[in-house]
Structure formats: C-alpha cells, structure tokens
Amino acid sequence: MFENLTDKLQRVFKNLRGEGKLTPANMEQALKEIRVALLEADVHFKVVKQFIEGVKQKAMGEEVLTSLSPAQQVIKIVNEELIRVLGSHQSRLRFSNNPPTIIFLAGLQGSGKTTTTGKLARWLSRNGHSPLMVSVDVYRPAARQQLSVIARHTGLPVYEGKPEEKTPEELARGARREAAETGRDVVLVDTAGRLHIDDELMGELQRLKDALEPTEILFIADAMTGQDAVKSAQEFHARLGITGAILTKMDGDARGGGALSIRHVTGQPLKFVGIGEKFDALEPFHPDRAASRILGMGDVLSFIEKVGEAVDQKQAEETQRQILENDFTLEDFRDQLRRLRKLGPLESLLGMLPGMGPLRNLKDLKVDERQVTRVVAIIDSMTFRERANHMLINGSRRRRIARGSGTSVQEVNQLLKQYAQARKMMKNLSSGLKGKRLGRLALPGM
Amino acid sequence: MIQTLFGATEPEPSLFEKLKRGVEKTRAGLVSRLDDVLAGGKQIDADLLEELEAILLGADLGVRTTSEILEAARQRLDRRQLNDARELRQLIQEHLLEVLRAAEKPAAPVTEPPAVILVVGVNGSGKTTTIGKLAQRYRDSGATVLLAAADTFRAAAIEQLEIWGRRTGVDVIAQKPGADPSAVLFDALQAARARQVDCVIVDTAGRLHTKSNLMAELEKMRRTASRVLPGAPHEVLLVMDATTGQNGLEQARRFTESAGVTGIVLTKLDGTAKGGVVIAIARELGTPIRFVGVGEQAADLLPFAPEKFLSSILQA
Numbered sequence: 001m002f003e004n005l006t007d008k009l010q011r012v013f014k015n016l017r018g019e020g021k022l023t024p025a026n027m028e029q030a031l032k033e034i035r036v037a038l039l040e041a042d043v044h045f046k047v048v049k050q051f052i053e054g055v056k057q058k059a060m061g062e063e064v065l066t067s068l069s070p071a072q073q074v075i076k077i078v079n080e081e082l083i084r085v086l087g088s089h090q091s092r093l094r095f096s097n098n099p100p101t102i103i104f105l106a107g108l109q110g111s112g113k114t115t116t117t118g119k120l121a122r123w124l125s126r127n128g129h130s131p132l133m134v135s136v137d138v139y140r141p142a143a144r145q146q147l148s149v150i151a152r153h154t155g156l157p158v159y160e161g162k163p164e165e166k167t168p169e170e171l172a173r174g175a176r177r178e179a180a181e182t183g184r185d186v187v188l189v190d191t192a193g194r195l196h197i198d199d200e201l202m203g204e205l206q207r208l209k210d211a212l213e214p215t216e217i218l219f220i221a222d223a224m225t226g227q228d229a230v231k232s233a234q235e236f237h238a239r240l241g242i243t244g245a246i247l248t249k250m251d252g253d254a255r256g257g258g259a260l261s262i263r264h265v266t267g268q269p270l271k272f273v274g275i276g277e278k279f280d281a282l283e284p285f286h287p288d289r290a291a292s293r294i295l296g297m298g299d300v301l302s303f304i305e306k307v308g309e310a311v312d313q314k315q316a317e318e319t320q321r322q323i324l325e326n327d328f329t330l331e332d333f334r335d336q337l338r339r340l341r342k343l344g345p346l347e348s349l350l351g352m353l354p355g356m357g358p359l360r361n362l363k364d365l366k367v368d369e370r371q372v373t374r375v376v377a378i379i380d381s382m383t384f385r386e387r388a389n390h391m392l393i394n395g396s397r398r399r400r401i402a403r404g405s406g407t408s409v410q411e412v413n414q415l416l417k418q419y420a421q422a423r424k425m426m427k428n429l430s431s432g433l434k435g436k437r438l439g440r441l442a443l444p445g446m
Numbered sequence: 001m002i003q004t005l006f007g008a009t010e011p012e013p014s015l016f017e018k019l020k021r022g023v024e025k026t027r028a029g030l031v032s033r034l035d036d037v038l039a040g041g042k043q044i045d046a047d048l049l050e051e052l053e054a055i056l057l058g059a060d061l062g063v064r065t066t067s068e069i070l071e072a073a074r075q076r077l078d079r080r081q082l083n084d085a086r087e088l089r090q091l092i093q094e095h096l097l098e099v100l101r102a103a104e105k106p107a108a109p110v111t112e113p114p115a116v117i118l119v120v121g122v123n124g125s126g127k128t129t130t131i132g133k134l135a136q137r138y139r140d141s142g143a144t145v146l147l148a149a150a151d152t153f154r155a156a157a158i159e160q161l162e163i164w165g166r167r168t169g170v171d172v173i174a175q176k177p178g179a180d181p182s183a184v185l186f187d188a189l190q191a192a193r194a195r196q197v198d199c200v201i202v203d204t205a206g207r208l209h210t211k212s213n214l215m216a217e218l219e220k221m222r223r224t225a226s227r228v229l230p231g232a233p234h235e236v237l238l239v240m241d242a243t244t245g246q247n248g249l250e251q252a253r254r255f256t257e258s259a260g261v262t263g264i265v266l267t268k269l270d271g272t273a274k275g276g277v278v279i280a281i282a283r284e285l286g287t288p289i290r291f292v293g294v295g296e297q298a299a300d301l302l303p304f305a306p307e308k309f310l311s312s313i314l315q316a
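Sequence lines, in order, name chains P and B. All letters in the first sequence, in the order written, are residues 1 to 446 by the numbering used here. All letters in the second sequence, in the order written, are residues 1 to 316 by the numbering used here.
Quick caveat, the hints were computed from the structure, so don't treat them as lab data. One or more hints might be untrue.
[As the list claims (entries may be wrong)] In silico DSSO-like links for lysine-lysine, alpha-carbon gap of 27 Å or less:
hint	chain 1	residue 1	chain 2	residue 2
1	B	Lys-308	P	Lys-278
2	P	Lys-58	P	Lys-46
3	P	Lys-56	P	Lys-32
4	B	Lys-176	B	Lys-211
5	P	Lys-21	P	Lys-56
6	B	Lys-105	P	Lys-278
7	P	Lys-209	P	Lys-162
8	B	Lys-220	P	Lys-278
[Said to hold, decoys possible] Label pairs and their calculated CB-CB ranges:
hint	chain 1	residue 1	chain 2	residue 2	range
9	B	Leu-285	P	Glu-213	47 to 57 Å
10	B	Arg-64	P	Val-409	53 to 63 Å
11	B	Asn-213	P	Arg-126	20 to 30 Å
12	P	Asp-198	B	Asp-140	22 to 32 Å
13	P	Thr-373	B	Glu-50	47 to 57 Å
14	P	Asp-288	B	Leu-285	43 to 53 Å
15	B	Asp-45	P	Asn-97	50 to 60 Å
16	B	Arg-101	P	Lys-49	29 to 39 Å
17	P	Arg-239	B	Arg-253	47 to 57 Å
18	B	Pro-230	P	Gly-267	55 to 65 Å
19	P	Gly-183	B	Glu-50	56 to 66 Å
No residue lacks a Cβ here, since even glycine has one placed at the ideal position from N, Cα and C.
Please model the entire structure based on the sequences and the hints provided.
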C-alpha cells in the first residue's frame, strides 16, 4: 500500500527536487558507499577506482526508476555492471581435440590447489570425463601423498610416478603416457605452490608448460586474498598465460573481491568456486552471485529485484494517474496491499533498506503482518459500491463490515479515517500544493 | 614474545638480515612509489594524501585504519604542524607503531611445564610449516619439544608433520586419520608430562572461522588442555597468510572467541603481500603479532619486530 503510494508521492517530489535523473550530486553518496564496499571486499584499489569511474560515466543522466531512490538506482547499475564485467566470457572448461587434455592447477602456497584438483576430478567424472590426477609438487612435505589420499577418497585414479621419475616434467609426462594408455581423457596436473616472484620456480612452471602444452592453466586463488591478488595473478598470467581462475574457500565469509581484480588484470574468466570441504563442493562460477557478494549489499539488491518484479510499470503509471485525478478508491488501496504482500514479509522488506530508501521514516515502524491481513479483510467485506465511494459507509454498514471481516467497528473506523487522510493528502499534492511534509502522511491501516 | 617462555635472547642480526631480504621483495613495488610520494621536502597537498591513501589501502590496512591515519594527517596539516612529506611519514610510522605497541602483551606464564602452544588458522595459512619452524626454533634454544598431530582431517597432514618432526629431530604424537583431535591432544599432553618435555606444539586442522561446529571443536581442545594441565594452553597462535585481505579481521575475531588467540604468526611475508591487515587486527582486537614467516626453510621464522615491520612497509 504505502510502498507504491509513498513512492509515487516521493516521485513527485523527486522530480521537483531534480532527482529524476542521476547527477553527480545525487550519485555521490552512493558511489562513496560502493567504493568502501568494494575496498572492504578486497577489490584492488586501482580496480575500484576504474570501475567506479566507468559506472559514473555510464549512469550519468540515466532516468531514476519510479520505485527506487537515486542511490538505489546507482547500486542497481553497479550490480549489473559487476555481473557484466565478471561474466562476459564463456567460462566453460576447454578440452583438447587431441586427448588427453592437460589441465594445470597453479597458484600460491595454500591457495587450495591439491584439494581443488580432487574436486575438479570429481566434477569431471560426474560430467562424462575420465580424469587422471598427478601431483608434480616435489617440494612440500607429503604433498604427493596428500593427492594420493584424496584420490582414494574420491575413488578416482592418481598417477603416483615411477621411482626414476623425479622432476615435475618427468612426472607429468609419465601421467600423460599413462592416461593415453588407459584411455583417460583429462590429466589434472597439481603443481607446487610458489610465490609469483620466485623466478626459479616460475621458470620451472614455464618449462613444464612448454613441455606439456596444457589446454587450460587454471590460477587457483584463495577468496580471502587481499590487495596482493592483483600482483600474483598478473605475474602468473604474464609468465604462463593463464586461461582461467578458480576461487577457493568461498564457503567462508570473505567477499571475494579478488575475483574482480583477477578478472580485471588478466582478462581471463573465473571458471569455478570452491564452496566446502567435501569433494563435490565445487561449482561453476556464477557472476550474479559473485557480484552481489562482492558488493555486500545483497539485501538492497534483492529489494531492488523484488520491487522490479512486483510492480510493473503499467500499474505504477495507473496509480500515479489515480493519485493525480484523486480517484484513489478503497479497492485500489486493497490492490496495492496485495501487490505489496507479494514482496514478502513486511518486516523483512523494511529491514532491507539501509536508511536510503523512500521508506526511511518507516524503518523503526513495527509492522504487524496481521494488521495488513485485517485491513484487506475489512475492505473485502465491503460492497463494490462502498469501495468505490467510502462516503456511503454509515454506522450500520460499519457494523456489518466489522462483523463480516471479524474485526471491530473501531478498526473499521480507524481504517476509514486514515484512508480519508491519505486521500486528502493526495488531493493536496495533485492540486499542486507544496510545502506539506510527506512524513506526516498517515498510513492507512498502520 | 613467546620465546620468553624459555628465556631466549634477542635474535641474532643474521635473522634480521633475513627479514630484510624477505621484506625487500615484499616492498619491491611499494618502495619506489612511497619514495616518490614521501620524498623529503615535498609539499603536502591533496594529491599526495590521495596517493598515500592508495599505498595504505594497497598494503591491506583496510578502509577504517587508512582513513583514521589520513584524518590524523589532515588535522595536523590544518594546524600547520606538518611541513613536508618526511614529517608525514614520521607521523604515519608513529601512529602505526602506537597501534602495534598497544597490542603487545606476553604469553601466559608457565607455572608447571610443559608449555602448551595451540596453533590454529584457516585452511592453507601455513600452520604445519610454521610448527616445523617453531620446533626448530625451540630446539635451537635448548628446549625439548613434542609435536601433537591433531589435524586428523586433512589428507596427509599427519605425514607432513611427521616429516617436519624428522627434519627437526622432534617426536610427534599422532593417531589415525579421522581420530578425535582432543584425544590426540590428551595423549600428547600425557606423553609430554611423562617425558618431561618443555614444550608441546599442537597442530590443528585448518578451518574456516564460519564453520561453527569446527570452531566448537577448538573450544573442546582448549578445555581438554586445561583439564590435563591447569593454565594450558599457554599460547594460542593464529597463523595468518600475509596475502589475507580484510577478511583477516573477522578470522581473528572468531578464532579469538573460540580458541582464545593470544598471538598471530604472519606467514608468507617473503611474497609481495604486506600483511597490513594485522595492523587493523591489533587496533580492533589488541592481538599482538609474535612471529613472521619469510620462507619455506626451518630457519625462516623470525620474531616480530614492529619497527622493522613498519619501516619495511613505509621506508626505502
């Protein structure tokens, strides 16, 4: 009810105040908040700067949707832009025409390469492939053993190497031979963790790449990585030419802004995210989910989405017309209530607004869901004529309505009184009277 | 610092050299920029402050800490107490040093040996490697050490710790994979008492701080330790990867709630990451940093030295 109602009224003021379009002034606060949100999500500060600059250019002059405030509108645009940037590339794994396909998993120490190797093997075998795993980490104590244990858990084969195979290259070649002989179509090469500035080990990886010619080189990155994600991704990409990335440990509460940084500096797509300790906890990367997580404004975003779904433009225009013509009947009022309820529980709806929506004043309001039900019941108990013209409703009709709706005459009176106030308010507005404070608008049924 | 448990002296200069080398790589990109920005005598203006902001944010100090520092700088600037960029650097360094100093506190005293050190952290932060280095360190200082392989979850974690045990000549108490970590801890403490060792270092499985059942497991381990040995664990070290971003603060908060973290080990400082989030942690939670990890060898663990850490971040 008040959702659309106040929004429409707000809209009138919005245009009067010049907020109907996005301007540098009314975007400023939202962009500031978004900057902080992105930085707190560990997006690299340079990426943040460029990204915000891009959004500003793009959003400038855009029309503000009736049901949103300028700030919400900016967030909407930012979200769409984030999704676009994160996901414009096809992010499927590629396979060689000449099997076995070689896939490298590379990254810093502790980013989760070995666990991800097991998860990826499981994912591949579930999707019609027959992977063979091999660890070429000859440095970290028990690293190869770790992959063997994982192989046992997943029930998928691992190439453990022959005694004479000592170097990463020998091991990887051995695995490729084994895969070809046993009809395995993918070889997952779990490489040793290394620092991107470790020239020697990066060189080793380059040589391994030249020798094996992998179809995919996946950069494995921890979702908790901070600003350094840019440097490591950049360096791995410069030396190896990565073809994609997997973001691990996304089952924690890190916002994973590194995804945006990695995407930005390498131009390569995110392919998977690791979301748990189990071996099936790997799923394809979803740009929309990642975007709302990075923004950390999921509540606002789902509010924006819900408003978009529940209120179509036509209905909104009709309401506006009714308000202007002072033709807002009890029936319209009830319809609005019903539409509003499609949005979900009122409490949660109000809770979604971080003090920036048109309902700012309502934030502290306790909304009683049952009260809305009662108001709808009261209006349902009126005749069609009564709904069209509330002036008809005299004492005996009120008693009948109260009985019919299971409420009391007092409640019916209260509703009618508030409805009358709201109508009067609208009348004032539509006749162009200014200076009335919107905050004083009594909300029918509340 | 934890080594006071064993009366260890200040580290030898060669270790500082090592830190310097490690940190040298760390600041490779930063230094030149900071030198440009904070060149002595340069006038302080809005551009300079903006660049400074970028440097602090880039070191993972976080939005709040960074804006606090900038605010302090702006205020002094308004009062004309800052003349040039050199003084600005001074101001920042002092400010950060204050934050780190305020967080410094010693480990709990050990009334009845062994000293028990519980090592916790998220997956892949470098717990097992850190434990290997700690074992080496304590052994070098003349203490007898026992390792407890209470990471019974991750594949080959026990083997990894056993290899470190062999490398450093330290016994490892372990059970089968999947065993109750508290039971391993209990065994290890009994063994430590029987063998009269000075120090028990307990490896735990990496866990994300959002997994409440796994965090509850750490609480149980604490209770087990204190039941066997009143006052234990004397030190709970949170191992944190220097590449960690702003999530580090939440990690520290949740691990402190469940495991009672008494200090941080900042690992992988030999990369390009600066580990600035520990400053935010010191500021918000008052958690001291005990050690830094600067490599993969047993000797690559150094006591945390705040001045060195900061000057490595802020100075050429």
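Cross-check of the supplied hints:
A threshold of 27 Å between alpha carbons decides the hint, and for Lys-308(B) with Lys-278(P) the separation of about 41 Å lies outside it, so the pair is violated. Of the pairs offered as hints, the one joining Lys-58(P) and Lys-46(P) holds, with about 18 Å between alpha carbons and a cut-off of 27 Å not exceeded. For the hint linking Lys-56(P) to Lys-32(P), the alpha-carbon distance of about 11 Å falls within 27 Å, and the restraint holds. Simply put, Lys-176(B) and Lys-211(B) have alpha-carbon atoms about 23 Å apart, close enough for the 27 Å limit, and the pair holds.
A threshold of 27 Å between alpha carbons decides the hint, and for Lys-21(P) with Lys-56(P) the separation of about 13 Å falls inside it, so the pair holds. At roughly 39 Å between alpha-carbon atoms, Lys-105(B) and Lys-278(P) are farther apart than 27 Å, so this suggested pair is violated. Simply put, Lys-209(P) and Lys-162(P) have alpha-carbon atoms about 21 Å apart, close enough for the 27 Å limit, and the pair holds. A C-alpha spacing of about 23 Å is found between Lys-220(B) and Lys-278(P), which places the hinted pair at or below 27 Å, so the restraint holds.
For Leu-285(B) paired with Glu-213(P), a C-beta distance near 49 Å keeps the hint of 47 to 57 Å intact. The hint said 53 to 63 Å for the Cβ distance between Arg-64(B) and Val-409(P), and at roughly 56 Å that hint holds. Taking 20 to 30 Å as the suggested C-beta distance range, the pair Asn-213(B) and Arg-126(P) conforms, at roughly 27 Å. Against the hinted window of 22 to 32 Å, the Cβ-Cβ separation of Asp-198(P) and Asp-140(B) comes to about 26 Å, which satisfies the hint.
Checked against the hint of 47 to 57 Å, the C-beta distance between Thr-373(P) and Glu-50(B) comes to roughly 55 Å, which is consistent with it. In this structure the hint that Asp-288(P) and Leu-285(B) lie 43 to 53 Å apart at CB is violated, the actual value being about 34 Å. The supplied range of 50 to 60 Å is met by Asp-45(B) and Asn-97(P), whose beta-carbon atoms lie about 59 Å from each other. Taking the beta carbon of each, Arg-101(B) and Lys-49(P) are about 33 Å apart, inside 29 to 39 Å as hinted.
Range check, Arg-239(P) to Arg-253(B): about 37 Å between beta-carbon atoms, so the 47 to 57 Å window is missed. The given range of 55 to 65 Å is respected by Pro-230(B) and Gly-267(P), whose C-beta atoms sit roughly 58 Å from each other. In this structure the supplied range 56 to 66 Å holds for Gly-183(P) paired with Glu-50(B), their Cβ-Cβ distance being about 60 Å.
In this structure, the hints that do not hold are numbers 1, 6, 14 and 17, in rising order.
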